[in-house]
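A.B. asks: In case you want the letters, here they are:
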Amino acid sequence: QVQLVHSGAEVKPPGASVRISCKASGYTFTSYYIHWVRQAPGQGLEWMGIIIPSGGSTNYPQKFQGRVTMTRDTSTSTVYMELSSLRSEDTAIYYCARELVGGHFDYWGQGTPVTVSS
Amino acid sequence: QTVVTQEPSLTVSPGGTVTLTCASSTGAVTSDYYANWFQQKPGQAPRALIYTTSNRHSWTPARFSGSLLGGRAALTLSGVQPEDEADYYCLLMQSNAWVFGGGTKLTVL
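Protein chains in written order, with the working numbering: chain A, 32 to 149; chain B, 304 to 412.
Derived by calculation from the structure, the hints in this document are not laboratory data.
Just so you know, even glycine gets a beta-carbon here, dropped at the ideal spot from N, CA and C.
Among the hints, a few may not be true.
[Claimed, not checked] One side only, chain A facing chain B, incomplete, derived with CB under 8 Å:
#1 G75
#2 L76
#3 W78
#4 N90
#5 P92
#6 F95
#7 D104
#8 S116
#9 H135
#10 F136
#11 D137
#12 G140
#13 G142
#14 P144
[Stated by the list, open to error] Far from chain B, by Cβ distances over 12 Å, these chain A residues were calculated:
#15 H37
#16 A40
#17 S48
#18 V49
#19 S52
#20 Y58
#21 R98
#22 E113
#23 E120
[Said to hold, decoys possible] Negatives, chain B to chain A, calculated, CB over 10 Å:
#24 S312
#25 T322
#26 A331
#27 T355
#28 P364
#29 F367
#30 S368
Please work from the sequences and hints to get the whole structure.
C.D. replies: And the structure:
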């Protein structure tokens, strides 16, 4: 069965970076896009960007450009999301989600809580 | 910066019908926006319900349907069940980027 499994919770000080992983299984890793979405406490969902595992290309919204980096390791079917220069507003649950090209979102990971606090 | 707008909250009686909508600040939503709908219950990850405007996933109950309605994407729940109480989010693709709506809190009362 399809699974997207996140790495564990993180606590980071302001100004640090965090790297979260999302390990895919149960399907052909390079046949689906992976998106990253975050949700601050009590808030809605926010799209952070996309990585295409087959070639590694990425697309980030302007808000996160320069601060987010998405990569993948095809040997382990894992995608990574690194967010730098953390501030308190980055405290959130970070999710990966799968898309079949053409806007067909389906499976989501369980999420990784990230807390930014001194 | 594109803004996607949903009703902040709606209330429906069990067995009733309710329509949630999703509007774009850029204009009328069409099939080219590849609207997706997600359900989220407290403490859980979002769950996909509808993709590309009107297609249900294999796990999506038949009482959920997606459409375009008056220039908006719409999610209609017919024969609402108590377990449908949740937050619902739409997602639209615009200019090679994806934008979530602010979410609708659906209360079944």
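A.B. asks: Quick one, is the D104/A hint okay against chain B at 8 Å, beta carbons?
C.D. replies: violated, 23 Å
A.B. asks: Mind verifying the non-interface call on F367/B? Its CB should be farther than 10 Å from each CB in chain A.
C.D. replies: Holds, because the least Cβ-Cβ distance between F367/B and chain A comes to about 15 Å, which exceeds 10 Å.
A.B. asks: Is Y58/A truly not at the interface, in the sense that its beta carbon sits beyond 12 Å from all beta carbons of chain B?
C.D. replies: Holds, because the least Cβ-Cβ distance between Y58/A and chain B comes to about 14 Å, which exceeds 12 Å.
A.B. asks: Does F95/A pass the interface hint, meaning its C-beta sits closer than 8 Å to a C-beta of chain B?
C.D. replies: violated, 11 Å
A.B. asks: Quick check on P92/A please, does its C-beta sit within 8 Å of some C-beta on chain B?
C.D. replies: P92/A check passes; min Cβ-Cβ to chain B is 5 Å, inside 8 Å.
A.B. asks: Is the nearest CB of chain A more than 10 Å from the CB of S368/B?
C.D. replies: holds, 17 Å
A.B. asks: When you look at the beta carbon of A331/B, is every beta carbon of chain A farther off than 10 Å?
C.D. replies: About 17 Å separates A331/B from the closest Cβ of chain A, which puts it past 10 Å; holds.
A.B. asks: So is E120/A really clear of chain B, every C-beta pair being over 12 Å apart?
C.D. replies: holds, 17 Å
A.B. asks: Using 8 Å as the Cβ threshold, decide whether F136/A counts as touching chain B.
C.D. replies: With a minimum Cβ separation of about 5 Å from chain B (threshold 8 Å), the hint on F136/A holds.
A.B. asks: Using Cβ atoms and 12 Å as the threshold, tell me whether V49/A really stays out of contact range of chain B.
C.D. replies: holds, 19 Å
A.B. asks: Can you verify the interface hint for H135/A: is its Cβ closer than 8 Å to any Cβ in chain B?
C.D. replies: Where the cut-off is 8 Å and the nearest Cβ of chain B is about 5 Å from H135/A, the hint holds.
A.B. asks: Against chain B, does S48/A keep a CB gap of more than 12 Å to every residue?
C.D. replies: holds, 23 Å
The earlier numbered hints that this structure contradicts are 6, 7, 8, 14, 15, 27.
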